[in-house]
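Start from chain A and add chains B, C, D, E and F according to the hints.
Number of protein chains: 6
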Amino acid sequence: MKDIYISDLAQFDEGKTFDGFFLVLSKQQRTTKNGKPYLNLALGDKTGQLEARVWELGDPRIAKDFDRGDIVKARGSASRFEDRLQMKVDQLRVATAGETDRMDMLPSTTYDVASLWKQLESFVDSLVNPHLKLLLTTMLADPALAEAYREAPAAKQLHHAWLGGLLEHVVSLLALADRVTPHYPMLDRDLVITGIILHDIGKVRELSWEIGFEYTIEGSLLGHIQMGVALTEKTIDNLPDFPPRLKTLVLHMILSHHGKLEFGSPKLPMIPEALVLNFLDDLDAKMQAVAGEFEKCTREGKGPNELTNKVWALDQRQLLNTKQWLAAPEKTDVAKK
Amino acid sequence: MKDIYISDLAQFDEGKTFDGFFLVLSKQQRTTKNGKPYLNLALGDKTGQLEARVWELGDPRIAKDFDRGDIVKARGSASRFEDRLQMKVDQLRVATAGETDRMDMLPSTTYDVASLWKQLESFVDSLVNPHLKLLLTTMLADPALAEAYREAPAAKQLHHAWLGGLLEHVVSLLALADRVTPHYPMLDRDLVITGIILHDIGKVRELSWEIGFEYTIEGSLLGHIQMGVALTEKTIDNLPDFPPRLKTLVLHMILSHHGKLEFGSPKLPMIPEALVLNFLDDLDAKMQAVAGEFEKCTREGKGPNELTNKVWALDQRQLLNTKQWLAAPEKTDVAKK
Amino acid sequence: MKDIYISDLAQFDEGKTFDGFFLVLSKQQRTTKNGKPYLNLALGDKTGQLEARVWELGDPRIAKDFDRGDIVKARGSASRFEDRLQMKVDQLRVATAGETDRMDMLPSTTYDVASLWKQLESFVDSLVNPHLKLLLTTMLADPALAEAYREAPAAKQLHHAWLGGLLEHVVSLLALADRVTPHYPMLDRDLVITGIILHDIGKVRELSWEIGFEYTIEGSLLGHIQMGVALTEKTIDNLPDFPPRLKTLVLHMILSHHGKLEFGSPKLPMIPEALVLNFLDDLDAKMQAVAGEFEKCTREGKGPNELTNKVWALDQRQLLNTKQWLAAPEKTDVAKK
Amino acid sequence: MKDIYISDLAQFDEGKTFDGFFLVLSKQQRTTKNGKPYLNLALGDKTGQLEARVWELGDPRIAKDFDRGDIVKARGSASRFEDRLQMKVDQLRVATAGETDRMDMLPSTTYDVASLWKQLESFVDSLVNPHLKLLLTTMLADPALAEAYREAPAAKQLHHAWLGGLLEHVVSLLALADRVTPHYPMLDRDLVITGIILHDIGKVRELSWEIGFEYTIEGSLLGHIQMGVALTEKTIDNLPDFPPRLKTLVLHMILSHHGKLEFGSPKLPMIPEALVLNFLDDLDAKMQAVAGEFEKCTREGKGPNELTNKVWALDQRQLLNTKQWLAAPEKTDVAKK
Amino acid sequence: MKDIYISDLAQFDEGKTFDGFFLVLSKQQRTTKNGKPYLNLALGDKTGQLEARVWELGDPRIAKDFDRGDIVKARGSASRFEDRLQMKVDQLRVATAGETDRMDMLPSTTYDVASLWKQLESFVDSLVNPHLKLLLTTMLADPALAEAYREAPAAKQLHHAWLGGLLEHVVSLLALADRVTPHYPMLDRDLVITGIILHDIGKVRELSWEIGFEYTIEGSLLGHIQMGVALTEKTIDNLPDFPPRLKTLVLHMILSHHGKLEFGSPKLPMIPEALVLNFLDDLDAKMQAVAGEFEKCTREGKGPNELTNKVWALDQRQLLNTKQWLAAPEKTDVAKK
Amino acid sequence: MKDIYISDLAQFDEGKTFDGFFLVLSKQQRTTKNGKPYLNLALGDKTGQLEARVWELGDPRIAKDFDRGDIVKARGSASRFEDRLQMKVDQLRVATAGETDRMDMLPSTTYDVASLWKQLESFVDSLVNPHLKLLLTTMLADPALAEAYREAPAAKQLHHAWLGGLLEHVVSLLALADRVTPHYPMLDRDLVITGIILHDIGKVRELSWEIGFEYTIEGSLLGHIQMGVALTEKTIDNLPDFPPRLKTLVLHMILSHHGKLEFGSPKLPMIPEALVLNFLDDLDAKMQAVAGEFEKCTREGKGPNELTNKVWALDQRQLLNTKQWLAAPEKTDVAKK
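Chains as they are written, first to last, in my numbering: chain A, 553 to 889; chain B, 553 to 889; chain C, 553 to 889; chain D, 553 to 889; chain E, 553 to 889; chain F, 553 to 889.
I should point out that these hints are in silico values taken from the structure, not numbers from a laboratory.
Copies of the same chain look alike in the list, so a pair counts if it fits in one copy or across any two.
With a Cα cut of at most 20 Å, we get these calculated SDA-like pairs of lysine to any residue:
hint, residue 1, residue 2
1, Lys625, Ala594
2, Lys625, Gln580
3, Lys862, Gly816
4, Lys854, Leu577
5, Lys848, Gln563
6, Lys812, Trp864
7, Lys598, Ile556
8, Lys685, Asp789
9, Lys799, Arg741
In this text, all values refer to a predicted model and were calculated from it rather than measured experimentally.
Here chain A stands alone, though its shape is the one from the complex:
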């Protein structure tokens, strides 16, 4: 447990002292105009990030030997500088093992991971095709892989990404697919479900989430699509009698799920199941971006008569919160009417 979370600081009195455990995301030594060295830190916990400065490097209450990636306990006060909070650190030491939980140090899904995992497993149970069921069971039975699947974010960029994000996205997609597949009788439900569970599995290797969210070098060079295909193919090759054509289709679904060459899929969807996977994946990602942006506007105090900020996932479009706008009193919206 930690004393205070970064998100609490917005309501905190400026200048008042507090303690907290934080993950050191970056650490740089700089010099003031007057030539005095100081430390510039980026600290994080599950609720956000905070810039911090250590002005007195020689102070014995400041640890000398901490580094990027360490969890530290810091004491100090915060003040607002040009609309950004900044912490002045008075004391700082490296946290001891057991004092805090690393999972508290990075943003994390608001859902219960165990429950999400159970939902995933029940979808696997529902499969009829024994080969696909065995494939998924085998992969999820690998403890290291399963743990990574439960932890991995769905993407790198902080505002779209959190621990457990991959699993949360996949479970949402599974539920959505269960609604859509019966509408199109030509679809092989088992293939769609398998494709959803495996489409982003390469992200457990493309990304690292030890200290912030970053691409591994291997991830940059190969990409999660290739990494997911390789992981799947290796598993299949160790299964007895997995039908070769079924293997081709499963790999094709992973390969093609970005839907366009310029989005990094080397092949376009050529079977109905792959087409549907690409559509639902895209729709769900965009709807989550919209929901996230609406929440952010609420947090930032935007009114119902304002458009949102530009949304990166929607080509920098600004959106309107339908329900809030309809519910707000109609002022004279049009100039000079």
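Here is chains B, C, D, E and F on its own, set in the frame of chain A:
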């Protein structure tokens, strides 16, 4: 009733005489190498099109005064020429009123139109918002508009289009939306339903379907998006107390449903309901294109180990029929393995 | 009347006290490094914008209750900070009604609006087609619409936009069209004139110019093209016997005047009059951008041997002022010649 | 003089014998299914092109030694084959010198070339800047260049191109520029006029028009923009005291007149005069394409309620002839209204 | 051995009888206008393709039971029809085993395959890095893979593709790389060589060359890039102690060798060796296209003063044969000079 | 000689006084918050750039009359401000003639220019074609042109450009071409060599390098491609009997060397020699960008397990230094493995 349908001719003996009622889709006089004039006709009925030739223009059994758009009764025989059927016409007269039904002369939905219409009406009934319900009820209560809505194709090009196609597409979309909207609690279901019912309503003016499927001049100059917006706006302006903001949102959904400027929407979707409308419309159109292509391949006798033809609606991609390919015996698929 | 205009401040002594009336464009409370709150304001008048700071919030000479959109009288001094002027406000109160004219608070056309309006009316008078003449007369006879037409800027962004900008642009286009149309006998002059007067009329609803220049929510969702079409169509539908085909052509010209789908026109120009409207509109906008940039460079003291800044309306191209460059003494322009 | 022109044949009785002089545009020997050799010719004169066949190669009335590029006298008859006219040649001999005029053998401007040239010269006379005036006078005084300027087509493709086309296009542009330049006081009229006269002068070397219209090898490798710049630069370098900056601007106008890199201009317009040249050149070319298409539709017998064919110069758009459509009786244009 | 090759027929007398062994590339039954069935065949051998017709289906000298993919012995005569040769088949039987060599039935490299293979092996021998050397040795030691590598074409389309084409292309690239790599000391030669040998190895599975050159279904769904990566990864995973980072780099080179996402590489080159591989592969393919086009023009009898046909691999550009053009007598190249 | 170079300052003690000669790249007077004027300077020498401030304008030790483009001697101290070095100037005077060498004031090639020039000349000597040899000899014999060729940078942007950069790039290309041309026997080596030496020669006029590296106005309006063509054409026209076709090919190579219209080449490569020139030029520029980025990362202290910064010349891609990464100890690269 007509004696024979064009689709029956594939099984018909070459050279054997038959009678049939057909719509004259085009009529051109040409000359043989030897300087003899003849008629080249395109004949159609609900099952397809057929090229026909009248070699003996002076024959008294050939009517002189028929034209493009007439329904005619023709007698003759068919033969295959370079893989295409061609009819040699021996007798031809204009059909008398009542002898046949114009609805039999153009391709038409395989669903029961009355039943589709009932489904549409029950969706309207299910709306909670009284303004949107009144808007839809009012528009569908206009007999000419309702008749056109039931008749209109969804698009011009023959292989994608048939009488009742618009209604069939809308009802499929409504059912699909009813599956998807509960997955995203932020969605206003009434807006989504209204958007689906109205998004393509301008097609009843953009297209004509008297003789084949064609764009009207007005349709070419204004487009179905603008025509649908105008139709909707005029109706709303005659309703009492329709909330101005709700009007803006309904019009926005029609305007933005193509999803991209380069597809002819002058505005991109800016509310979640418009985003979902664009996705579902696109998905449903593509899935129908896939299903249609699979049927066509079956009709053409393609085997399970062949890709389809290039599909125009999917950027000229070739597709694979998942179920047939998986079910077919695995031959050695890979060269020299 | 106001004491000093923002553009005068460039020549004003730093630190010397002055009074002025300003429109409050934005108002934000911030905190200094030392935790002291202050106000950050954006003030504007017809000659420009100015950043201002109120450091002593408790001072009784500073009004408590003013807000964004108010006109205030402020006293203080200005100094240059990193090349930008900044005002330090010592006193500030809300202006009383009648003390100043809101039209003095936003940038405005340098032409006489009454005279521009007269020119517009004389073009309407010159029309031969009675339907088009009646359409325009009717629209311009609506007092609210006419007032908005005279006030509206032609675009949102401050450096391209000013009150009366729409009218100024339209009158320039009309004069240009009167030069060009006789060169192409196939053109229907009345249609071209009508298209020019109506092409951007939707901007009176797309934009608001109460406080700075902004898009209305409705404008963002529907766009000025759709809004102009709707305004025109509603007027036409109330005129007796307006020929339907003529209506289609007028609406087509408004719809297509951006000339490309990706510029927000849902239809491309399909009649010569629409093609010419698109060309002249584009040419006139670009020539005004060039002229404005040349003036800006003169104001900023650029020499004749320098290119302009990058011009947004010309794809970020830099331009050369032909006449100045030719008139300047030829130094050795080329390295090492 | 020649007996009959190709455009006359549309009205000519099929099978009736006629004589005519034609330019042989291509000549190929082929074989019938039965193994008999025959000649396939493309014949042209100023009014069009005609496919022709010589079936009896051994006939003494058929010359043996004629070739592509020769003018021949041919006798035979025409018939329509699949909507295209085809001539059956019974006799054919090479025309003797003086028997016919090569200028009658290719499509040619309908304007009087001498009068066009005079107009061009009077524009040159109107220049105020002595250097530009001398430059143009010098270039047009070169007899070979002037002759080529009077003869050259404006483009290669037959339906857009004719002898004298370059001159006709330039004179139209000059008249248009004289209308537009006074509207923008910042423009240097002399530069605009000079730019118009020289912008396409490289076409006299890029194209050849001896036998049909073709690119020379040099034209393909260098292009008319570079060829025109080189011609102009060489002339300037031989003039006394031509101001270097003025030279740069003239060359820049030629270089940039296509307006976009992807249209082959290596530099974009950077002075107002170059911007206007690009706009007017583009507008005039498109308006001529529209006018030409309208004439073609009239010739082909299209009705006022039909769109034109797709127009290549307008991105394959179909157009509507405003005046004819408005003048035609309004039938019920919209389906099911 | 076969009696006559297809390329010989161009010089052969029309109508004269000949025998030959051919591969049946396609076989379709059609009907004449008069209702008589006949066979339309595409026959091929290593020198080209030939259309053939069997008119007398009932003739006992015509085998009943042959099919696409069979090698047949056919007797008949050829004639030219609209510039294309067509064979009339009088006798036809299926070839017996041993009567002919399947390798004679498809176009094939003009180089000695054994010698090319030896060159490839000597490049492998030259590697210094023991892991890369072992990887390549292991793969090329697989007899089925090695045989496929020696046989595979480099691409599907007939005019760019021949048996042995893959090997020929790789050996040319290896020699080119040996020239270029020493110029850039930062390059790891062993990685470049390995990348070249493996970059297209997936083509042995993407393509089949039993009957003509075609994509396998698996090849269409996965592509040769993915197939090559999988083949390589599986081999590496069976090697002892192959360094993981080296594996990543080898796979990255295969993945990225198309150089652009839109060309099907899911990752762009991120190491210098991958950059060079992409450049040399592209250059060598284009230079082979140029050389092939020059040869084709020579075969077709084009003169030195003519441009080539449009070359697909060079964006439909036409080329000029430098040496021939410079060597030809200079006629007056420019019109009216 | 100068006392200290800018690159030395990184190791220099903050606050310690030093002297140095610098080129004044820019000079602006500004005011502090308190209204005190100061000078903001950009100073440069061959090793880099440095921001500098003169706080005491009235100090007699600060020269009054220096300007942009002057070489000055300055004394002061440096400190680090937000990671950037900044000099505080205490004394400053204009350097006297002879005190320092202007060549020391701008970044410059690390190669010996005389030796590069000799290599260039030996390539010219190696030509077989007497016309091309004479052309190059003549151009390089012009002393002003030769001096500019030796001095010119290859591009404007500082991090890619240095004095002698053009020559260095050309000599590298010549050596590369000598490796590649023998691989393709169809290539005319003399043409390739000539094209390489002349392809960027227009840069001596497009750029100026008196004070920093900038485009001349003429360079902006015409571009180095056109300037190089003009320079070459004028030289050729003064040579006796230069073959016209050879001239066309040489000019074509310069014109087309950017390889794409959108990169500013008005013609695409149409001969093999031009194709190869474009490829090698592009490859060499990219390989130099890679090498430069690797060096920069080493200077900046990046580790072997980090990607480089985004590289502008490679579409903002990040790269990996192969050799360093392979040599570094393999840590566990993949998250949670």
